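Each chain, written out:
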Amino acid sequence: MLNIKKLHKSYPIGDSSLHVLKGIDLSVENGEMVAIMGSSGSGKSTLLNIIGMLDEADEGEYILDGVPIKNLTEKKAAIYRNKFLGFIFQSFNLINYKNALDNVALPLYYQGIKRQERQEKALFHLEKVGLKAWAHHLPNELSGGQKQRVAIARALAANPKLLLADEPTGALDTKTSYEIMDFIQHLNDEGKTILIVTHEEDIAHMCKRIVRLKDGVIMEDEKVEQVRASQYV
Amino acid sequence: MFDRDLWREIFQSINMNRTRSVLSGFTVAFAILLFTILFGIANGLNNTFAEAFADDANNSIFIQSGTTTKAHKGYQAGRQIQFKNKDYDYIKEEYGDKVQYITSRLYLNVNASFRNEKNTYNVRAVHPDHQYLENTKMKEGRYINQLDLDNRSKVVVIGRLVEEDLFLKTTALGKYLSLNGLQYKIVGIFTDDGGDNEERLIYMPISTAQRVYGNNDYIDQINLTYNPEMNYDKAIAFSNSLTKDLKDRFDVASSDQRAIRVRNLANESKTVNQMTFGLGVIIIVIGFGTLIAGVVGVSNIMIFIVKERTKEIGIRKALGASPKSIISIILMESILITAIAGYVGLLIGMGVLEFIGPSLETYFIKDPSVSTTLVIGATITLIIAGGIAGYLPAKKASQIKPIVALRDD
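Chains as they are written, first to last, in the numbering used here: chain H, 1 to 233; chain Z, 234 to 642.
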C-alpha cells in the first residue's frame, strides 16, 4: 500500500537548515492501522505531510499504491490527493459557511461528480457517522465531536485508499476522543488503511501498530495488541 | 465557466463577504456612474450642435454680397455689389469638380391668398439643388425642377404650415395660389427640420421670379455645398480661393470684409468637431482614471479576501482542488463583483441622465444619453477590468500551500 525508503527532509532556517527527517524507511500494508508517535519536533507531522502530498521530500522514495510520488505538479498532486487520500485534522478544518452536507460533498465536487449524486453520497456518509439529522447545520452549530465526525465523513466521501489523521483527538475531551477512536476502529475493521499521528499513548494503543519517531529517525516500530475504544464509551 | 456549481460556490462566497463585496464594488460603480453621466452630457452637447446644423447640409458655403467699404481700382467705397446669373454660372463652371450642389437665391415677400385666406410669406426663388442644400423633405408632390426653370413656369412649392394656414383642412397640391395677384400652381408641399419659420416658406423657380418681379437676372445669394470627399482643410482652402476669385471679379479690395461675404460651415464644423473630440478625450481619460481606481480597489479587497480565506483555500487544495479551480473561483468572483457594480453604476447613471436631462436644455445640453454601443463596450471593459482586478489575488490564492494554510496557529 505504502512504501517509503530513505526519506530525507530539511527546512531552511535562516542561513542554516534544519534536518527534520533523516532517512525514514516505512512500509504499510493494506488494512493496517498505524500510530505515528513522537514528541513535538520529532518530525511526525512532516512525515504525515509528505505522505499526504502536502509537502515533498528532498530525497528518498515514496510509492503509494504502486504509484511513485515524485516531482508532482500542483495539478497532479491535487488529483492524487483527491483520489488516494482522506484527511482528518486536529482542528477539523471544515469550511464554516458551508453546512455539514456541503462540507462532506466538497471532495466529490472536485471529482467532478454531479450535484444530485454528490448530495446522495454525502448524505450516505453523514448517516454513517450518525449525523444525518444535522446535515443542514453549519459547523458552528455542532459540537467538537460532531465536527470531527463531519470531517471523517468528508474524508471518507471520496472513498480514499488511505486515511491520514493528524492528532484527530487533539482538540477533544477524553470521552469524545474515545468515541471518535471507536469510529475510526470500525472503519479499519471494514478494511480501510489508516495512519494516525498522535502523542497520546492511549490513542496510540488503540491502533494495531506503533511507529515511534525521535529526532527524525524511527526509534521503534512494533505491532501492538489493539485496545478497543468501545469499552470506554 | 458555465458550470452551475462554480457559480454556486462564487455566490456563496460573495454572500459570506457581503459587506466587503459591496464596498469593493462601490468604487467601480462610482467610476461607471461618473463616466456615464459625463459621457451623456458630452452627447447632449453634441446633440445641441447637431441640431443647430440640422437645417443645413454641414458642408455648406453661403455667398452674399453687400456694399464695399474700401475704395479699390478706381471705384469708390460704398458701391453695391450685385450678383447676377452669370456669377452663378461662373462658379459652376470654374469649380465644377469641387461643388456638390449649387443654387442661387432671390428673396421676395408676397401676399398670398387662397379663396378667403390671406397671409404674407417669404418666397425663396431657387434652383433645384436648393432642396439638398436645405434638407427640404417633400411631404407631397415634387420640388422645383429644371424644366420649371427652363419654361419659367409659374409653379410653387409651399411649406407644411403655409398649407395649414391657407388651405385649412383641404389639400393644397394641384391648386392655384395667388401671390401678389398672380396665380401659381402648387406642385409640392414640404417639411423641414429647421423649425416653424422654415415651414412657412414658399419656393419658386428663380427664373420665374426674375422675370415676374423685376425682369432682370439679379441674385441675392449663392449657396453651395462642397464635394464631401474634401476634408475640412481642403474645404477651407476652396472657400478661400473662391472668395479671392469673386473679389477680383468684382474689383473688390481683398481686405474688404463687407462687399462679398463667404461663410463656410466647414470652419464652424471644424471648431465644433475639435471641441467635441477634445471633450471626448477628457471624458475618456477621467472615466478610465476612475475605472482604474475602482479596479485597484477591487483588486485590493480581493487580495484581502484571499488572505482571509487562506485556510479555506488550503482545505480545498487538501481535498483535491486544482490550482485552476481556485483561480477560476477568485477570478470569476472579481469579474462578477466588477460587472455587477459597473452595471449598477451604468443604470444609475442612465437614470440620472433620464431624470435631469430635460432640465439641462438651458445649458445647451439636449437629450443627454448613452448609446447601446457604449453599453456593450462598457460590458466588455468591465469584464476585462474584473479580470485584471482578480488576476493578482487569484495568482496569490493558487500559490497557497495547503501545508502552510492548515498549520494550526
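If you're looking for bench data, these hints aren't it; they were derived computationally from the structure. Hints are not guaranteed to be accurate.
Here are the computed distance ranges between Cβ atoms for each label pair [to be verified]:
hint : chain 1 : residue 1 : chain 2 : residue 2 : range
1    : H       : 232       : Z       : 616       : 29 to 39 Å
2    : Z       : 592       : H       : 96        : 26 to 36 Å
3    : Z       : 616       : H       : 226       : 55 to 65 Å
4    : H       : 73        : Z       : 616       : 53 to 63 Å
5    : H       : 215       : Z       : 252       : 26 to 36 Å
6    : H       : 13        : Z       : 259       : 22 to 32 Å
7    : H       : 116       : Z       : 519       : 46 to 56 Å
8    : Z       : 236       : H       : 190       : 57 to 67 Å
9    : H       : 144       : Z       : 241       : 48 to 58 Å
10   : H       : 96        : Z       : 634       : 15 to 25 Å
On a predicted model such as this, the values are computed, not experimentally measured, just so you know. Yeah, the Cβ is synthetic: ideal placement off N, Cα and C, and Gly gets one too.
Numbered hints the structure breaks, given as an ascending list: 1, 2, 4, 5, 6, 8, 9
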